Amino acid sequence: RKEVEQDPGPFNVPEGATVAFNCTYSNSASQSFFWYRQDCRKEPKLLMSVYSSGNEDGRFTAQLNRASQYISLLIRDSKLSDSATYLCVVMGIIQGAQKLVFGQGTRLTINP
Amino acid sequence: NAGVTQTPKFRVLKTGQSMTLLCAQDMNHEYMYWYRQDPGMGLRLIHYSVGEGTTAKGEVPDGYNVSRLKKQNFLLGLESAAPSQTSVYFCASSPTEYSNQPQHFGDGTRLSIL
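Chains as they are written, first to last, in my numbering: chain A, 1 to 112; chain B, 1 to 114.
Calculated directly from the structure, the hints in this document are not laboratory data.
Note that the coordinates shown come from a computational prediction; the quantities given were computed from them, not determined experimentally.
Careful, some of the hints might be misleading.
Said to hold, decoys possible - The calculated DSBU-like cross-link candidates involving lysine-lysine, where the alpha carbons are at most 35 Å apart (straight line), are:
no., chain 1, residue 1, chain 2, residue 2
1, A, LYS45, B, LYS9
2, B, LYS9, B, LYS71
3, B, LYS14, A, LYS45
Unchecked claim - Just the calculated beta-carbon pair ranges, DEER-fashion:
no., chain 1, residue 1, chain 2, residue 2, range
4, A, LYS79, B, MET41, 21 to 29 Å
5, B, PRO39, A, ALA17, 20 to 28 Å
6, A, ASP77, B, LYS57, 38 to 46 Å
7, A, TYR70, B, LEU22, 38 to 46 Å
8, A, ALA17, B, THR54, 45 to 53 Å
9, B, PRO95, A, LEU74, 40 to 48 Å
What the hints assert, rightly or not - Residues from chain A that keep clear of chain B, each with C-beta distances beyond 10 Å, as calculated:
no., residue
10, GLU43
11, SER49
12, ASN111
Note that beta-carbon positions come from the ideal geometry of N, C-alpha and C, so glycine has one too.
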């Protein structure tokens with residue numbers, strides 16, 4: 001079983017739609033959780049951290065359920081510029097260093 | 001705002017050739033990482049460093065070596081390139097091990113081994 005699993009998609013949704021991504025992780029000792037965004041042929045960039053209480057950043061809402069080891073990302077009122085691959089990332093500490101474990105990513109295309 | 005810089009951006013090698021990928025960061029970060037990304041897969045950690053003069057193996061270290069002689073630089077070496085090492089390589093850095101300061105990535109090196 002992969003440490004971090006995501007539905008690879010692709011998701012094709014019309015502009016203005018709401019879209020949700022899910023992610024599960026296997027290591028219950030994981031400490032921190034993030035969503036990264038990766039555009040085609042570009043480096044991953046941090047989209048947002050995910051907190052246990054849930055957190056929102058504009059049109060983006062992230063939630064974490066530690067009991068179920070489940071992370072989600074909701075995008076409201078989607079824009080064409082939201083088209084990208086979204087990476088679920090789980091972090092722990094090994095030998096004093098961060099260990100980021102990446103999901104394979106969910107590809108999203110917003111259609112006009 | 002250079003951040004994390006990787007050189008070269010692209011390279012084509014023949015099987016058996018050697019090369020070194022350079023990662024440089026100007027943020028005074030202690031921690032540096034090398035990842036590879038293959039189609040349909042997430043990033044996988046090759047090697048990492050928790051400070052100048054230290055290196056450690058990640059998830060997929062075989063066929064690679066690294067060095068961190070200066071705090072700002074992290075080098076990834078391929079001693080004898082193999083087609084299986086065709087990939088996109090990303091370097092990253094982070095200021096500390098703390099969880100609210102995730103890694104900053106360079107823009108990648110696309111490497112093809114023929």
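Which of the stated hints cannot be reconciled with the structure, identified by number in ascending sequence? 9, 10 and 11
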